[in-house]
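Undergrad: Spelled out, the chains give:
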Amino acid sequence: MSQFVQQLVNGLSLGAIYALIALGYTMVYGILRLINFAHGDVYMVGAFVGYYLGRLVSAGAASSSPSVVNFFLVLGGSMAACALLGWVLERSAYRPLRKAPRLNALITAIGISLLLENLGQLVFGADPKDFPTLVERTSLSVGIVTFSNIQLIVIVTAIVLMLGLQYIVHRTKMGTAMRAVSFSHDASGLMGINIHRVISFTFVLGSALAAAAGILVGLYNPKIDPLMGIMPGLKAFVAAVLGGIGNIPGAIVGGLIMGVAETLTVGYLSSTYRDAITFVILVAVLLFRPTGLFGTTARAKV
Amino acid sequence: MNQSPAILEFRNACLAFGGLRAIQNVSLHVGRGELVGLIGPNGAGKTTLFNMATGVYTPDSGEILFEGNGIGSLAPHQINRLGIARTFQNIRLWGQMTVLDNIRAAMHQRVSTALWQVVASGSAHAIDEERLLEEAREFLAYLDLTRFELEYAKNLPYGEQRRLEIARALATHPKLILLDEPAAGMNTGEKVKLMDLIRRLQSERHLTVLLIEHDMKVVMGVCERVAVLDHGEKIAEGRPEEIQRHPQVIEAYLGEAPATT
Amino acid sequence: MKQRGATRTLLVAALYLAVLLVLGSTLIPFIGPYYTQVLIFIGINIILAVSLNLILGFAGQFSIGHAGFMALGGYTSAALSFYVLAPLLAGFGTGGLISAISEPAALAVSLLVGGIAAALAGLLVGIPTLRLRGDYLAIATLGMGEIIRVVILNTDFVGGARGFTDIPRWTTFTWVFLLAGLCILVVRNLIASTMGRALIAVREDEDAAAAMGINTTRHKVFAFVLGAFFAGVAGGLQAHYLQYLHTNSFTFLRSIEIVVFVVLGGGGSITGSVIAATVLTILPEALRGAESWRMVIYSALLVVMMLTRPQGLMGGREFQWSWLLPGFKKK
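Chains as they are written, first to last, in this note's numbering: chain A, 3 to 304; chain B, 204 to 464; chain C, 656 to 986.
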């Protein structure tokens, strides 16, 4: 029993990371109907920006500053860098294809994904790197469950970011515009909403969240490499599909389910099925509920 | 009113999108060989009704009958094979195919060559292909599109694209054709020709025609009977001259006067 | 007149086979194993590219699991040959004439079974996902490819993580190009038929296709299954040439490589697929040493192509004899 609860806690912290990535997928899909395959690689870039920033702050004069400050510096810096990356990608690769067939945009997204991975291997090197220790790992126990302070940081940071996202989407003008554009490009355009700006903003927001996930995974599991985005990217995408793609709360729930499913599979079956479970879930969703847990049936407009 | 036997009939059809009731309790009877108009303000549910009759949407309740058989739950391609063809409000041709191939692809269902015959380009296949080509050219000639035969559909002028949509629908050998705003974007000369064509569909090809149209001259000019939709409900039905005087119809159009040009 | 199509097809096929046999017995021994290998890889990649073009370029369905079908076909036919056919052949003895007949026959059976296995997998994935619209197929085929890989990795019967070794070497130059020719012929004739036009109509506008009586799901599934079949055959050819299989050869990246062939050559152009598969098989060989740049170039090419010339090299057109011989006009 205690092992089960333990796995659950581990699964939730892993799931929180997936959920952060899944949010970017789901927002972009909601607004552009595009699977942004490069999203997992933005998360990788986020982790690498964090790696270099982390070495900088822990080696430089700031080494005396408390680890919390370092963590926020690295987190903020990486989120800003990836927000910029997201903006550039949207602007240069996706915007020109706005009127093109969706297949073209999808192929472009895959091309961007491969480009980031392979450039990553050239620039960062193909070998795995140790993410700098920003926060010393300590163990905490509550009752029968033991967890690390890192897991706590992961979950708390994820919750704060998700609340922030909820605020932006539901309480700000830009958020209202995002929801309007995801409903209908044409109608939003007629209402005077600058669609391009809203789409750019969506990429910026999603990429910043992916960067945060990259930093959190660096704390949690400190080996990073240029191909690290592929699997979590796929898992996060499956999480988004599971929750109902285009649905923000769905992405969060989907991410958490994916995380828990993965740790339970590893804990009770075998670690060779770590990645296969993702696709088993995917196939099950596609077969039985293609619109996901919270999705509504999208009716084709004729 | 229901003199002729029905070819298409809606019986208390209802459809909702989420909370929005798009079609409420609509009953409509289209007799064999009739030429019926469907009018109403924008968003009244006219195209939605077409989509229900062609299997794009399944009614939440009520029935849709074609030649007496329920078709509410059939898929679009099955309904087409029974004998209902349509055109689209926002022209939906197969742009990257030639005009000829647009017709030939629509005739696809009536070719039954075995796969191996196709692959080996065997004799049965060759006969089929020749017959197909001949027939496709007849449809093009009928709609005066012969000279565009090898043009890509997307490169045709607007009016010709509308005609090609009608030709494509005819190529599926329908008994009933649904025309969704066929006159939209046409100039006066083209409209006159279109009205003539619609009448010929009825007289020469013995087709039943149901058409959605905003242009009142076209509607009043060709339709024998007109049904009016507003907010998903049928508010009136009758001969064109009756409809023009109908108080509810005039009210529905208030502030959105029927286009007369 | 009526018979001319079939007769011409047979004639061309016979001529093609004769050329292959002659080349196989004269050119191949002459150029040595390295160039033979490059040629064989070109042939295998042509099969993969043309068969994916049927799914991606003609039917407009985005599958990124072609390597998965290849793996399934490869492993199935390899297992059949290794466990059943090769021992059977050994029982016949290894006389020159006997093996000259029995080996090709065994390979044909083996490839056919591999192709069918891949086609069945395609049917299994295709039926549920092709009902859905758009991008689900991409992600489902990707998932299927990964599941196939994990299953193979955990199947000791076919070598698991060690790889499958000692597969009989039955693939020859002639076989590879015979099947590449067959694949091109099948796809070309299919596309020129009413079935092909219906398929392209589905790509161009699915709703309109359904409204004109085309059973869209059936057509998509059909293209998908036929494409998977040829991918499986390609996998079998590779297995019986390299005599070794490992799941690492069938990752997502391999699928992407095939997508690149199709996109660069031009979706909807068989000629384009053939050219792209040929050039992009030779190019890395010519650029040996620049391995790390290869995928960077591939991916950059993919993006640049989509942004500047999304219709690809050939833009949906096909090679015509009249390009070479201006006087030779095809009716």
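If you are wondering where the hints come from, they were derived from the structure by calculation, not from laboratory data.
Cβ coordinates follow ideal geometry from the N, Cα and C atoms, glycine included.
Honestly, I wouldn't trust all of these hints.
[What the hints assert, rightly or not] Listed below are several chain C residues computed to face chain A (Cβ distance under 8 angstroms; list not exhaustive):
id : residue
1  : 674
2  : 783
3  : 918
4  : 951
Undergrad: Could you tell me which of the numbered hints above are not met by this structure, giving the numbers in increasing order?
TA: Violated hint: only 1; rest satisfied.
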